[in-house]
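A.B. asks: Protein chains in written order, with this note's numbering: chain A, 1 to 540; chain B, 1 to 285; chain C, 1 to 307.
I should point out that these hints are in silico values taken from the structure, not numbers from a laboratory. A hint or two may mislead.
Claimed, not checked - Which chain A residues face chain B? A few, computed with CB under 7 Å, are given here: (1) Ser253; (2) Asp273; (3) Ala275; (4) Ile276; (5) Ser279; (6) Ser330; (7) Leu394; (8) Gln397; (9) Gln401; (10) Pro414.
All C-beta atoms, glycine included, are put in the ideal place defined by N, C-alpha and C.
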Amino acid sequence: MKKLMALLLALMMTLSLVACGGGESEGSADAPASNVEAGLLRVAALYDITTMDVAQTTDNYMVPMNIFDRLFEVEVQKDGSTEIVGSLCESYSVSDDGLTYTFKLRDGVVFSNGSGLEASDVQYTFERLLTAGGVNDDIPLEVLGAEELKSGAADTLAGFKVTSDVDFSITLAAPNAGFIAELTGPAMSIVDRETMAEVQNFGIACEDTIGTGPYKITEWVVNDHYTLEYNDKYWGEAPSVKKMVVSIIPDASTQNLMYQNGELDILDLEYLDSAIVESTYKTAYADRIISGSRVGLTYLAMNANHEYLSDVKVRKAVQMAVDVDTIVASVYAGDAIVENGIIPTGVWGHNDQLQRPAYSVENAKKLLADAGYAEGEVKFELAMDSSSSSNTQLVYQLIQQQLKDAGILVEIKPYDESSWLDLRKSGEMDAFIANWTMDYNDPANIMYTFYGSAEKTKLRSLNYADEEIMARVAAASGITDDAERMAEYQALEKKIVEEDAAWVPLLGNMHLFALGERVESFVPYWAGYSNFYAKDVQLG
Amino acid sequence: MTEQNTFRSVLCRLCRENKLAVFSAGVILLFVVLAILAPVLTPYGYDEIVNAANRLAPPSAEHWMGTDEVGRDVLTRMLYGSRISLLVGIVPTVVSMLAGAVLGILAGYLGGRVDSIIMRLADIMLAFPSMLLAMVIMYTLGDGIINIFLALALVNWASVARIVRAETLKLREAEYVEAARSIGVGRFTIMRRHILPNCIPSLIVLFTLNIPSAILSESSLSFLGLGIQKPMASWGLMVNTGRQYLYTNPWLSLAPSVAIMLIVLAFNFLGDGLRDVLDPHLKKQ
Amino acid sequence: MSNIIRRIGQTVVILLGVALLIFIMLRIIPGNAIVTMMGEHANAEAIERMTAELGLDQPFYVQFWRYITGVFSGDLGTSYSLNRPVGELIATSFPNTARLAIAAALFAWVLGIVCGIIAAVRKNGILDHLFMGVSLLGVSVPVFMVAMVLQYLLAYKLDLFPISSGNAGAIGYVLPAIALGWNSAGSIARLTRSTLAEVLQEDYIDTARAKGLRRLPVITRHALRNAVLPVITMMAVQLSSLLSGAVICETVFSINGIGRLAVQAIEGRDIPLLQGTILFSTALVILGNLVADCLYSLLDPRIRKEV
Chain A
1 MKKLMALLLA LMMTLSLVAC GGGESEGSAD APASNVEAGL LRVAALYDIT TMDVAQTTDN
61 YMVPMNIFDR LFEVEVQKDG STEIVGSLCE SYSVSDDGLT YTFKLRDGVV FSNGSGLEAS
121 DVQYTFERLL TAGGVNDDIP LEVLGAEELK SGAADTLAGF KVTSDVDFSI TLAAPNAGFI
181 AELTGPAMSI VDRETMAEVQ NFGIACEDTI GTGPYKITEW VVNDHYTLEY NDKYWGEAPS
241 VKKMVVSIIP DASTQNLMYQ NGELDILDLE YLDSAIVEST YKTAYADRII SGSRVGLTYL
301 AMNANHEYLS DVKVRKAVQM AVDVDTIVAS VYAGDAIVEN GIIPTGVWGH NDQLQRPAYS
361 VENAKKLLAD AGYAEGEVKF ELAMDSSSSS NTQLVYQLIQ QQLKDAGILV EIKPYDESSW
421 LDLRKSGEMD AFIANWTMDY NDPANIMYTF YGSAEKTKLR SLNYADEEIM ARVAAASGIT
481 DDAERMAEYQ ALEKKIVEED AAWVPLLGNM HLFALGERVE SFVPYWAGYS NFYAKDVQLG
Chain B
1 MTEQNTFRSV LCRLCRENKL AVFSAGVILL FVVLAILAPV LTPYGYDEIV NAANRLAPPS
61 AEHWMGTDEV GRDVLTRMLY GSRISLLVGI VPTVVSMLAG AVLGILAGYL GGRVDSIIMR
121 LADIMLAFPS MLLAMVIMYT LGDGIINIFL ALALVNWASV ARIVRAETLK LREAEYVEAA
181 RSIGVGRFTI MRRHILPNCI PSLIVLFTLN IPSAILSESS LSFLGLGIQK PMASWGLMVN
241 TGRQYLYTNP WLSLAPSVAI MLIVLAFNFL GDGLRDVLDP HLKKQ
Chain C
1 MSNIIRRIGQ TVVILLGVAL LIFIMLRIIP GNAIVTMMGE HANAEAIERM TAELGLDQPF
61 YVQFWRYITG VFSGDLGTSY SLNRPVGELI ATSFPNTARL AIAAALFAWV LGIVCGIIAA
121 VRKNGILDHL FMGVSLLGVS VPVFMVAMVL QYLLAYKLDL FPISSGNAGA IGYVLPAIAL
181 GWNSAGSIAR LTRSTLAEVL QEDYIDTARA KGLRRLPVIT RHALRNAVLP VITMMAVQLS
241 SLLSGAVICE TVFSINGIGR LAVQAIEGRD IPLLQGTILF STALVILGNL VADCLYSLLD
301 PRIRKEV
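In isolation and in its complexed conformation, chain A is listed as follows:
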């Protein structure tokens, strides 16, 4: 029996060693700020990325934004306005017909493995997006001959001409005034042809994922954290942040506590309730908050085929019954602006003259009564993506209550993300509320995506049916005169929002970040992504 006890004791001791031995060498994240390695930036993300390859994802952009460069970038000015500047591209010119762009690359740029940047790398990047079976081929598809390359009818991209190591030209199939703006999107990150030919696991293995950007990826422990470190071969100015660790913390309230305990240097406040932001951050941390505008908006889409929502009078009543001011004040504590159209504030071509119908429960009721509906007769289901942020979920609940006041009965039905997207795709969803964040600063991005074709309207704007409008939206991107193009977009916007009442614009919220004591300044990405450029962070 003594042996048994000894055995048990020994077992316990070994176990306790195993239990404690695990992570001691990793060091404590709870260390006071002064003990944190100089040049280290600690941030948290709710979800891990699935890939570092922009051909395979439309939202995991944190790593690509920092380890790759694009031909152009959007630079945020001191006054908050944005400007497109050359990045890997030094200069460019456009032909008079708006079809051919001639580019010149920056000299002497090398990838982090030493391989030089050449025009053929850009060509490879375009061709790869078309042929590698990826998800981000919208932009290269505009190039002349892209369809042929994609379908296999051609081996090369006809519209792409390399004239020297640094010179090349791109000919589009149709003019698109927003083309340069599109090239700033993370999807257009430039990769190296030579490296790609050698590596097996591009986008997954750190050593295989090579770019020209200010950082390189050095470690990725899936679902736990990933580390970016300064790329000493970077062509631009050396950034203040030498190393960035992104921890995966799937819970906003934990991130919040971690920030307050000094375990995070930048906290994304997007997923925290504004009431907490208001009561904690605007008091105790008031001078630590910065705001990036969110170039995008929250909207309510209604199914044009729905029993009641197909009636424009019902849609107008919904527009009237929604009190956006209250939502902005209550859910966002004022950190949002009311949007009245489709093209959000801050986007080229935004129309600030648009008016929304005045909020009035009586008028909404009257409109419904005139249209012959009894009180409480109009009902529909508001489908909610249960992974949406708590603020968005609050918006759902408030709108449900507001519509109820106007005699419109709405049931909020939560779906998990994939079922929700499936339902939207089927065109059977009654209505939903969602956010759209601009991919690039051009009205075409939102107008075309939502109203450009029957396929798009089925998914995005739930069966918006006016084919003439769709044709005009699709044609608008070909108008080479900017003023004319914007006027056309604004006319279309007015028709869709005011006349057809097909879209209930809600609001654009500020994207707030809280900065830790170690951070001196930070410029968020112009479109208000949660992802950002680490080089735009200055450590104190």
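Given the coordinates of chain A, work out where chains B and C should sit on it, guided by the hints.
C.D. replies: Just chains B and C now, with coordinates in the frame of chain A:
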């Protein structure tokens, strides 16, 4: 000795021996009354946004426990939440008790292939960590209270079946069963008339002990966002949404936590007391 | 020995049954995981291609055959939501769960056994009532409540521990281990008390006492050794509930463990990952029970004789 007499004598002994259990029964009764009278006790609806501008308000005369993140009355949601907890405690437990008892008796009495099929199935169910099994079932069935009932019933029947089977194996050899068999009483009649009634004391004890674990399971599932969905009110879900506000409005998550704890504690005390009175040897299992 | 072989055979059958059950349960689902995987902006064509690539357009029995043969060759499939082999994901997260569970078990055993002994010795005394009341409280408190209160008080208010355990090393596991072990400590204390109390009434204890042995040695040398066996069985049973509770603890304290992986798999409709995590955890429990059974029969001479 009739069933009723036994029941009465059990109650008397319980009252004499275990005051705490009786008190707990009182607490449970109080929760039941509150749950039933919820619509009468509060002027608000459980999903009614009383005042959107006044969300996350501290306790006041109108809102005794303040308002939640959307501006609903927290006390109202607590009251309605008790309905879910009690239902989730009782319905799946009853279902799993019935299924477990029937299968356990069948397995124990019939033996052979029936026994091995049922018990292998039970072994498989028992092999899963219960929370993970409940999660998978919820994933498959989708959200909703009926599915929670089903999930918890599926998770719990196996342990009941195992205990009942063991009891049946003992009873099968009892003299009076032998006697019944020898005078040609049918198998199913024996199971119904002679074996089932004798399993009832253990079943009652199991019943009161399984209720709190079902309540805890539901609250854990809802806490993870895999159980009851908004805008319904479940205590676990309230803790889940209230967690964000733990240090600004702690009552939002603490009140439902304490409620869960109280009701589970009450059922555990009652179950303990009943076990001591009804079935002392069950204690060891 | 034949008993042990029979147990192993049973275990294999149960493992197969578990795998089949999980597989069947996860095929009756709505929602297209591929869409979640590729993001909202992905086009229909790319989604279709990916579906074919992953074999999701194949009939059920083909998928099942692929899966089962895959499992035997150590291939659990590829996670949709994390885009990695499931085996690799489990291999990274399991050590964290193991650390948490072991630390929690240690906490539970030490606290539970000590309290149980004291309560048994002072049966019906104040300490006994106090400990048993507290232990019932331990059994009745939801894991998430303990976790939240600990996180709030000790990590947030007093700043003694890190909020998130992820990269914090050993100190990060203290709070999650207490939260997870709390429930088990309660039931272990109750079990220790009842078995020890029973043993303490046996004649040989009285004899030992009559021989003049002091109280403590009697308890440790004579009584405890007879009370320890049921507690060992209990530990094997606890493995299952520890894994259940770990789901909550890992979520609250942001530990990259199996439980969190399972929750993520559900949120992302990630069937291969969910399948893999559940199968792995369940296999762990089954094997744990097998080992406990074998140990038990080796340790307890009475059972050895029966065999």
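A.B. asks: It remains to establish, for every hint, whether it holds in the given structure.
C.D. replies: Going down the list of hints, with the structure as the test:
1. Ser253: This hint holds: Ser253 of chain A lies near chain B, its Cβ roughly 4 Å from the closest one there, short of 7 Å.
2. Asp273: 6 Å, holds
3. Ala275: Given a least distance of 5 Å, the restraint on Ala275 of chain A holds.
4. Ile276: With a minimum Cβ separation of about 6 Å from chain B (threshold 7 Å), the hint on Ile276 of chain A holds.
5. Ser279: 5 Å, holds
6. Ser330: 5 Å, holds
7. Leu394: 6 Å, holds
8. Gln397: 5 Å, holds
9. Gln401: Nearest chain B Cβ about 4 Å off; hint holds.
10. Pro414: At about 5 Å, which falls below the 7 Å cut-off, the nearest Cβ of chain B leaves the hint on Pro414 of chain A intact, so it holds.
Hint compliance for this structure: no hint is broken.
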